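Participant: Work out the full structure: start from the sequences and follow the hints.
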Amino acid sequence: MDMLGMYPTFYVPGIGTAWVMGIIGVIHVVASHTSVGASFLFALLETKAYREDKPQLMDFIKKYGMFLLVFSYIIGSITGPGIWYAITVASPRGVGGLIHNFVWVWAAEWVYFTVEVIGVYALVYLIGKVDAKTHLKLTWSFALASWATMLLIVGILSFMMWPGNEAWYQTGSTNDAFYNLNFFAHLGTRTGSMVAMAAVVGLMVASRLKDMALRRSVVKFLAPIGLVGGLFAVMMFLYYLQTLPNNAVVMLNTHLLPVYARGMVAVFVTATLYLVFAWWKPHRLYTSLTVAMFAFISIVGVWPEERMRESMRKPYVAGQYIYGNQVIARDVPGKGIVGEVDKIAEHGLLKLHPFVPDRLRVINDSNRLEVGRLLTKVACANCHSLEPGTPLRNIPDKFHGATDEDLIAAFMQGPLKHGTQPYMPRIDLPDEEVRAIAHFLATVNSGKDVDHLIAEQQKLATKVAAK
Amino acid sequence: MDIGTVMNTMRDPAGVPAHPVLFQGLMILTWVFHIAFVHLTMGAAALAIYAFHRRDKGEYWERLSMALTKVAKVGVSLLIVLGVAPLLFTQVIYDPQWYASNVLSGRWAIGFIFTLIIGYCCWFTFYYANHEGAKKHAGVYAWIALALFFLDGLIMHALSYQALLPDQWMNWYAPGGIVDTSGSALHAIQWPRYIFIMSLSLPAVGVFLIAYAHYFASRADREQEYQAFARALGQRLATWGFGVSLVPMLVWQFIQPSASGLMLHPVGWLLVAALAAMLVWMKRLTAATHGYLPVLGGLGVLAVLALWREVVRVAHLKPFGYDITTYTVHVDWPSTLLFFSTFVGVGGLVGGFYLTLLYRSGRVQGLYTAERSVARLGTAAVAILVIWIAVFLAYGITIWVRNSFV
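As given, the protein sequences belong to chains A and B, one line each in that order.
Using the numbering used here, you'd call the opening residue of the first sequence number 1 and step up by one each time.
Using the numbering used here, you'd call the opening residue of the second sequence number 468 and step up by one each time.
These are calculated hints, taken from the structure and not from any lab test.
Small disclaimer: the values here were computed from a predicted structure and weren't measured.
Every clue listed holds true.
Keeping only pairs whose Cα atoms sit at most 16 Å apart, straight-line, the calculated EDC-like set for lysine to aspartate or glutamate is:
1) Lys602/B <-> Asp523/B
2) Lys133/A <-> Glu838/B
3) Lys351/A <-> Asp469/B
4) Lys129/A <-> Glu838/B
5) Lys343/A <-> Asp431/A
6) Lys417/A <-> Asp431/A
7) Lys133/A <-> Asp53/A
8) Lys417/A <-> Glu346/A
9) Lys398/A <-> Glu387/A
10) Lys448/A <-> Glu387/A
11) Lys377/A <-> Asp647/B
12) Lys54/A <-> Asp211/A
Facilitator: Shown next as structure tokens:
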């Protein structure tokens, strides 16, 4: 029988797998951007120490280096693979698509990771142990290697948004996928952000320096670099917005900017003022305030940025050819990939999905609610939670608590069936599957205990079968 | 639905960008280094804790505890990063099995990350606390860390083992036909296999200590008696360790499914023989033997283990009609070249520079001034990175302009 290469579903109530991924992703971005940025600041400071013969700067570097080491290589090195694990359980076909397009790119990045991990220990432990010039080479090579990891991952991340043109769909070449339309804009945004965040981390460590002359020297060096980095990040972000597909722009304007724009502007303004203030009055730099600033940037700045990037991609998770619900959205002739939406419309998910129990493949009165819940999880739960009042764009609230099955079914047989909602996948299901989903959602909206009802129906069905 | 057909349908429709056997070879090879650092870390952590609690018996135990705490700290970083490659290559050729297994135990897959973070943070706390005259309660952090590391090992084992049992997936996902999307269970654990692989941590720290003693032998400022203590302890641990590991290995060998032919498979018995040979060698090891050779012998054992794991996997999946060589191939030369040139150029020159520097500087008392060859290697490391980045960007701009504007 015809089937789809779908996987079982893993569902986290309330927040969905999307938030799990988002939480790990944000921790990783904060750690990795800081570490990559810090590696450059480290290299610049060491060059300054070497050229101007300021050995006291090396003490700062050693202290800074320990922070870099602890911060990035506990958190960054674990949450990096952590994102993989999270997307594996959230979107197995999405991550599979990325792996099979970019395996050699990721493998090249792994070479850099390995070199970096060895390098970061060498860098910190060999301060004062090897001659200054050799150590400087070590520090610069480490910084360049760190940025190279960013170069490699950004191409994959920006492809997740979209290739930006038809080339990759026709050739299937990794080149065309990787160097996509928004690659350079995305790279610029992240590079600028990493410099700004690293400057703030640098100020955090500098604020601990007792030697006021040294503190002044370090802060006056770091603050302008952070300001330039922040400004560059903003400019590149504005450019990045111009490279987005239509669905992302609609999502951005209707759902994301109204929620996040003020916070992001506040982060930019506050961080700029803080860096200017630090530059002007280095002796008034307090650790507590700098730590608060870093937390502010991480929470109010990075979280929305990552959420926006994740949300703007919707309804796709990779290259505008895999939907969030794991269905292949279109043909990719260059790779021999065939879209699955029409096949699902013809046969339905219950017939084609390999991980549907036989007792649920045919809908009847005793399993309609249960089938509806399963189908809703398969088709919708990658982007939506199913519980009212929960944070991941929960479906009950999206339907404003509607208990009218016809109304819900009408939405599914209208905009969803024809794919006219720019940020939602085209979900074209046979009528009985639509009715099952509508029945489930209406029951949830009616406030009934769905789990209990399904359990009762299962018991009843078992009794009937036993007779 | 036939699960063999299901697995073949679950393969990524994009196919693979080089022959699947190439990925299989890389997967086996890179796993050797990953598991070597897993064993070293676990063994070093366990011995660091043991030595920590024996500090009253002599100063060498205290020194050893501090040294091994640092080894375990660095080891965790390396085992994580070295684990990325085999995980990547597994996902290329065994994506249906790996993803299905992860999804079916989703909470554990996510829990792995958080427990690893907590475990590593605990180990760092112990690292900062474990100095001369450290308070006894600092050991609590180390115990928590070690327990979490063993738990993480168990999670990885279960995810790998579940991937070999596709005929069970539907029963786990929908027991009695009732779907469970919580991913809250570890569904299958093969204890002999897990215990065997974990038990290799003991000989791993043993052979490491022999190499450790050899490494510092050239340092006049390092006490010879301490090195002799480390070497003797290492030899004892290696001897006992290889002996102990034979037991779960033999159990694992005899519980292999009878129809699979694995029980009598020569690679499995080669592994048994390799362990026995190492046991005999470690028992008879003399002072004249170069201190690094046992490490090489240990890596040889792990290479056989890596191969054996793959033989076991192939044997489990073959009856379902899953064969990696039938994966669709769309060769992608540019990205293939990217990896191998980066591996040789960046891995060789930059990685080589770091390792050489670490190795040479550690063997010198006081400041190490790079010899001409090492200085040149450093210059070459910076140069290759500048060239790599320049080529990467120039090549990228060309493609970007061609696709977006021309």
